[in-house]
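Chemist: Listed below are the residues making up each chain.
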Amino acid sequence: MDVMDFTIVGVAAALIVLVNWYFLGRSPAAAVAVAAPGQVAEFTIRVEGGYSPGAIEVARGSRVRLTFDRQEDNPCSEEVVVPDFGIRRDLPAFARTVVEFTADTVGTHQFACGMGMLRGTITVK
Amino acid sequence: MNTNKAVAPPAQPALKITLPVEGMTCAACQATVQRALTKAPGVSKAAVNLMMNEATVHFDPALTNPTQLVAAISDTGYGSRLPVAADATTAADDEREQQQRLEYESLRNKSLVTLGLGAAAMLASMPLMGGMSAHAGHTGDPLLRWTMTVIDPPVRAALPWLYATDPQTLTYGLLAVTVLVMAWAGRHFYTRAWSGFKHGTADMSTLIAVGTGAAFLYSFAATLAPAWFVADGARPDVYYEAVIIIIALVLLGNAMEARAKTQTTRALRQLAKLQPSSARVRRDGQELEIAIAEVAAGDLVLVRPGERFPVDGEITSGSGAVDESMLTGESMPVEKAVGDKVIGATVNSTAALEVRATAIGAASVLARIVTLMKEAQGSQAPIQRLADRTSAVFVPVVISIAIATFAAWMVLPETPSFASAITAAVAVLIIACPCAMGLAVPTAVMVASGRGAAAGILIKGGEPLERLASVDTIVFDKTGTLTIGAPTVVDSAFADGEDHAALLRLAAAIEAKSEHPLATAIVAFVGTPPSAAVDHVVAIAGKGISGTVEGHAVIAGTEALMRESGIDAAALAGHATRWSGEARTVVMLAAAGRAVAAFAIADTMRPNAAQVVAALKARGLRTVMLTGDRQATADALAREAGVDEVIAEVLPDGKVAAIKALQASGRVVAMVGDGLNDAPALAQADIGMAMASGTDIAAEAASVTLMRSDLDGVTQAIVLARKTMRTMKQNLFWAFVYNVIGIPVAAGVLYPVFGILLSPILASAAMAFSSVSVVSNSLRLRGVSLS
Chain A
134 MDVMDFTIVG VAAALIVLVN WYFLGRSPAA AVAVAAPGQV AEFTIRVEGG YSPGAIEVAR
194 GSRVRLTFDR QEDNPCSEEV VVPDFGIRRD LPAFARTVVE FTADTVGTHQ FACGMGMLRG
254 TITVK
Chain B
18 MNTNKAVAPP AQPALKITLP VEGMTCAACQ ATVQRALTKA PGVSKAAVNL MMNEATVHFD
78 PALTNPTQLV AAISDTGYGS RLPVAADATT AADDEREQQQ RLEYESLRNK SLVTLGLGAA
138 AMLASMPLMG GMSAHAGHTG DPLLRWTMTV IDPPVRAALP WLYATDPQTL TYGLLAVTVL
198 VMAWAGRHFY TRAWSGFKHG TADMSTLIAV GTGAAFLYSF AATLAPAWFV ADGARPDVYY
258 EAVIIIIALV LLGNAMEARA KTQTTRALRQ LAKLQPSSAR VRRDGQELEI AIAEVAAGDL
318 VLVRPGERFP VDGEITSGSG AVDESMLTGE SMPVEKAVGD KVIGATVNST AALEVRATAI
378 GAASVLARIV TLMKEAQGSQ APIQRLADRT SAVFVPVVIS IAIATFAAWM VLPETPSFAS
438 AITAAVAVLI IACPCAMGLA VPTAVMVASG RGAAAGILIK GGEPLERLAS VDTIVFDKTG
498 TLTIGAPTVV DSAFADGEDH AALLRLAAAI EAKSEHPLAT AIVAFVGTPP SAAVDHVVAI
558 AGKGISGTVE GHAVIAGTEA LMRESGIDAA ALAGHATRWS GEARTVVMLA AAGRAVAAFA
618 IADTMRPNAA QVVAALKARG LRTVMLTGDR QATADALARE AGVDEVIAEV LPDGKVAAIK
678 ALQASGRVVA MVGDGLNDAP ALAQADIGMA MASGTDIAAE AASVTLMRSD LDGVTQAIVL
738 ARKTMRTMKQ NLFWAFVYNV IGIPVAAGVL YPVFGILLSP ILASAAMAFS SVSVVSNSLR
798 LRGVSLS
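Going down the list, the protein sequences come from chains A and B.
Each residue of the first sequence is one higher than the last, beginning at 134 in our numbering.
Each residue of the second sequence is one higher than the last, beginning at 18 in our numbering.
Just to be clear, a hint being listed does not mean it is correct.
To be verified - Listed below are the simulated EDC-like cross-link pairs for lysine to aspartate or glutamate, each with C-alpha atoms no more than 16 Å apart in a straight line:
| hint | chain 1 | residue 1 | chain 2 | residue 2 |
| --- | --- | --- | --- | --- |
| 1 | B | Lys215 | A | Glu205 |
| 2 | B | Lys358 | B | Glu331 |
| 3 | B | Lys391 | A | Asp223 |
| 4 | B | Lys634 | B | Glu599 |
| 5 | B | Lys391 | A | Glu212 |
| 6 | B | Lys740 | B | Glu331 |
| 7 | B | Lys746 | B | Glu483 |
| 8 | B | Lys290 | B | Glu112 |
| 9 | B | Lys33 | B | Glu71 |
| 10 | B | Lys215 | A | Glu181 |
| 11 | B | Lys530 | B | Asp552 |
| 12 | B | Lys746 | B | Glu480 |
Calculated directly from the structure, the hints in this document are not laboratory data.
Next comes chain A alone, as it looks inside the complex:
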């Protein structure tokens, strides 16, 4: 192996680290709702190539109302799933879809697209 080969391998390794860090290593900043237990915590989540905000935080016992505002027709985001709360809902393109549930279990719950590639979290405290 010559210098060129080492350079190629080095650059490739750096790229691989970068790709994985960019897509998997970073965690989105949480939007925190102030809803007290027994009240409704409302969030509007924009769906376009991902979820923004991608993380929300609510108090335990809150009624959570998520309005998914889907601004694309990419079939990857046509469904949203919140497995821990038994929710799977179609999100029509360029429309708002409301999903409601009661955040009754403490912990970090994932919400994701139907195939699990776009992801967000709901943290119940």
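The hints should help you fit chain B onto chain A, whose structure is shown.
Modeler: Relative to chain A, chain B alone:
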């Protein structure tokens, strides 16, 4: 019930309706609406839920109707409207279906046009490929080898002018077409990949965009500055035709997938469409044809033969056969008469009927089935978790593999080739298909729920479906499940020399005065009760009844009652003893001081109980009967039904303990019961199967509801679950194997030994095929046999 007793007509049951309330922001608003509703005439109870923005109102249909209730809410300043859930659901579904069809057509058209352009581009590339076979990275590709040996000579003969054209002109022409295709047909791959990238997410579009993008940029550089490549010892090859064909094939795969996906929910959409859009009602003596949304609970609805019932209701006039097959899977029509309940969307087969609407909109059985099925189809099966975990990291991992592939091809071979490195990396990106994994389980759950619903089996989601497949023990509650649940006369005997018909009339006359189930059984056995004069009736609790029929003293009851009343029962004692031994209940009839007739009464087994038990055993399931009966009675029935094990003399609260004991011994238990009395046991079991009595479809404790009161559904549900599980496993297996094998082959692991390498074009064809094959495999469940 009604608070205004002075004007309340008798026997008018209260109805319940849930109305949406808009604009409430606080507890005070809630209180205002609640007070207004409670004070409204005809309302017995109102509960307003601030969280759900709705009001649940119990009202007397004779005094008020939903329209007035909506007005009462509107008067407080908050908004409300009549619930039209069932109708709205259908409209939304139609719209979505329409959208999906447009999406499919657009994808199909784009892919076909692009495929045509791709074929032309491939021909135009042929003259450029001359001498390419010398290339290490290409001879390994079966497609290219075939092209060069089989296609090239005839094309060369047929289109000599093409080969005479200046290569640079051809290259620029290809560049133009490729840019056009990328900007038109493939545009969304790039915009989606970019918008995902900005959010730090990656999906299938990312792979296609990076893959075709890399191939395009390489070709573009080779087109503009071929000299640079030649100087570097590489050939200035272009891969425009590959870019075009990849886009075409991926689009074609997407189109086929889009069409197949719409099929997965077809059963549910068909169910939702059963609801008629209008109803003929009688109001103030007039017949009106009104929209279904305007029908209120309490309305009298007229249904002609051949029409569907527009709402759930109770027959108030007429009788005839009703075809309920669309909801229960039962093919035989059911006879219904005044007082019987009918379900909206079932077909009135034979006679004109008048029905009082009891449940409308979201409260109707059909709407609840549709809601239940939607939730079920939306739920996740545990088996999916592996796929979910994989898809979450899938794309970044594939990009990493592609980078590593590129580096390896640049470093490892004796004669490294930039062109081979690029094509191998692009093939890796293109062949990887996360979609197949994402679709493997949900499509199977969707199709299976629809298949179940068509057979009258409602399974509440992917998890119950999966657990049902692993059940190894079926526990039947006896009464009402293995048996019909109503005592019936199974045998009778008469004293010598008596007129049987006269004795039966006598028995029916006196028993008609009692409401005891045994008495009812005797009346039903005789048929229509005679209009004989019955006087001096005395009910003797737990023993029987006595009185006079046309002046003759008559006693009907247990043997003990006969003894206590000093009746001579010797003539019938033999029968009585034998029947008791067979676990029958004996009722005797005495007239003029001696026993003249005896009846053997038993809760009869369902006609096909033994067959169903045998079918379950044949599938390797252990069958258990659970009952509160005495051991002897239970054993007799268990022998008849053929169950493996009997747990008798169980108190109602002991059923849960019995199920727990079975589970503790390592059994996965499904409990079959009526959903009401058995609710705790159904909830305790791994799978609760409720036999619905027509309208009670969503038994809380049950994860499976059998719409037919027929045990066949138990076997069918198990068969469906097992077959669905098999489909899910096949799907996951193929999706994983496809990626696990496809990606390394595309990267070139087979090249050093076998000389096999995939071109990006072959990779895109494989990718397009993978998700289509998974969805098609799920769709096979639509026609699966449940026997």
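Chemist: Would you mind marking each hint as holding or not holding in the structure?
Modeler: Against the structure, the hints:
no. : hint                    : verdict
1   : Lys215(B) <-> Glu205(A) : holds, 14 Å
2   : Lys358(B) <-> Glu331(B) : holds, 4 Å
3   : Lys391(B) <-> Asp223(A) : holds, 11 Å
4   : Lys634(B) <-> Glu599(B) : violated, 25 Å
5   : Lys391(B) <-> Glu212(A) : holds, 13 Å
6   : Lys740(B) <-> Glu331(B) : violated, 38 Å
7   : Lys746(B) <-> Glu483(B) : holds, 11 Å
8   : Lys290(B) <-> Glu112(B) : holds, 13 Å
9   : Lys33(B) <-> Glu71(B)   : holds, 13 Å
10  : Lys215(B) <-> Glu181(A) : holds, 10 Å
11  : Lys530(B) <-> Asp552(B) : holds, 10 Å
12  : Lys746(B) <-> Glu480(B) : holds, 14 Å
Consistency note: the structure conflicts with the earlier hints numbered 4 and 6.
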